[in-house]
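2 protein chains.
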Amino acid sequence: MLSQSDIKLINALKLSKNRRKTGFFLVEGPKMVLELLQYPNFEIVFIAANKTWLDAQPNLSQFSIKEISDKALQKLSNFSTANEVLAVVKIPEHEVFSVNKETLYLALDTIQDPGNLGTIIRTAEWFGINEIICSKDTVDCYNPKVVQSTMGSLYRVKCHYCDLSAFLMKQNVPIYGTLLNGKNIYSETLGKSGIIVIGNESKGISEAVQSCITHPLFIPNHPSSKAESLNASIASAIVLAEFRRK
Amino acid sequence: MLSQSDIKLINALKLSKNRRKTGFFLVEGPKMVLELLQYPNFEIVFIAANKTWLDAQPNLSQFSIKEISDKALQKLSNFSTANEVLAVVKIPEHEVFSVNKETLYLALDTIQDPGNLGTIIRTAEWFGINEIICSKDTVDCYNPKVVQSTMGSLYRVKCHYCDLSAFLMKQNVPIYGTLLNGKNIYSETLGKSGIIVIGNESKGISEAVQSCITHPLFIPNHPSSKAESLNASIASAIVLAEFRRK
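Protein chains in written order, with this note's numbering: chain R, 17 to 262; chain V, 17 to 262.
A hint or two may mislead.
Pairs count within a copy or across copies, as identical chains cannot be separated in the list.
Distance condition first, Cα-Cα at most 20 Å in a straight line; then the derived PhoX-like pairs of lysine-lysine [what the hints assert, rightly or not]:
#, residue 1, residue 2
1, K47, K219
2, K242, K47
3, K242, K174
4, K33, K152
5, K82, K47
Think of the hints as simulated: they come from the structure by calculation, not from any bench.
Using the sequences and the hints, build the whole thing.
See below:
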């Protein structure tokens with residue numbers, strides 16, 4: 017049974033400040049929770065699930081399990097359709113991050129929409145990016161909507177939060193970024209390593225971060241297009257696909 | 017002043033069935049409404065705006081204008097941050113659609129997430145796609161969240177809803193689609209015309225539509241990736257970028 021303090025904790029984890037305070041985050045839904053069980057570096061505090069889900073699991077003996085009614089689960093959920101299960105999970109501590117000169121990274125400058133961040137993490141994994149450097153004001157990667165839209169990639173891709181321009185300034189690797197006055201991405205030689213910067217949804221890449229970019233790029237639009245820009249997660253995907261294209 | 021029946025109408029337009037019944041949809045926010053004014057094929061029923069927004073407009077004399085308080089506007093809005101203005105707009109009637117053999121189209125098989133559809137419409141315009149064929153169960157392109165995430169591209173890209181497999185069966189043009197057993201998109205010769213099919217967020221392309229695909233494609237993932245799939249709007253973008261790449 018879920019106690020009142022468990023319920024209070026689950027509700028609290030919807031807010032970033034409470035995730036920071038407790039060091040916990042929330043994983044919701046059968047797909048995300050079942051996949052989580054394969055990653056022992058994510059320590060599970062407890063699993064709250066309805067009877068149907070619990071009865072279907074062969075072995076959960078090593079976890080703290082709390083049965084919960086569908087109604088109570090729906091009330092706790094961040095999503096409109098009821099999920100059978102949720103887990104309270106410890107936020108893993110990442111080792112201090114340093115850039116490997118042979119590796120390709122993504123850096124996010126103030127990505128604010130949780131759906132965008134989740135989609136970027138998912139797409140990054142598809143294209144073999146294992147670590148993402150996020151500006152401090154990028155949305156928290158443990159936000160419930162981010163977690164959900166990563167579709168499991170959050171378990172495998174690490175997000176490091178830092179003062180992005182200060183971080184980039186110290187790196188001695190190519191730093192790519194999409195800018196309106198950049199060079200056509202299809203005519204540039206793109207390396208196998210370096211850092212690709214993606215800017216904010218409405219303001220693009222900040223001035224401080226722009227000054228660190230060594231290779232400005234531009235995704236050309238069709239001559240007939242009057243669209244002003246691409247969504248940030250779409251731009252990330254097109255750039256990553258082009259880097260990984262053979 | 018906004019009457020009670022205006023308020024009732026605006027609230028009703030959040031639901032697809034009421035948009036069908038009235039033939040109207042809702043446009044929210046200064047960016048979207050100002051851009052709308054440039055497209056006379058979209059007939060404006062009325063504009064409801066706060067005093068600040070109205071005072072800043074040079075000439076709105078040809079429109080039916082209703083002043084509204086910020087508080088009332090926030091209550092009516094579909095979005096968490098208050099917008100200064102909204103417009104009730106007539107859904108334009110499209111002429112009967114037929115495929116031009118020289119043109120590239122996008123077809124959507126049961127795209128259900130409004131954010132995905134909006135982003136797909138925006139990306140489609142960027143890559144010079146002017147018409148999208150949608151299966152009947154694809155989310156309504158006049159859904160407020162779709163409208164918002166098109167960032168104005170909805171004014172220029174037409175969405176045609178139809179029985180998608182019946183429609184595709186009758187076409188004598190290349191029909192492309194991303195399938196798990198498709199051919200590597202980077203090694204295929206992609207034409208300048210035809211129809212690119214994008215499948216549902218979780219189920220992909222339905223069997224009936226799959227049987228119409230003449231050119232199955234696959235976006236290769238990185239060997240290290242354990243991600244199972246890409247988001248539907250991301251897949252659309254990568255495929256469109258590859259078709260338009262020079």
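Which numbered hints does this structure break?
none
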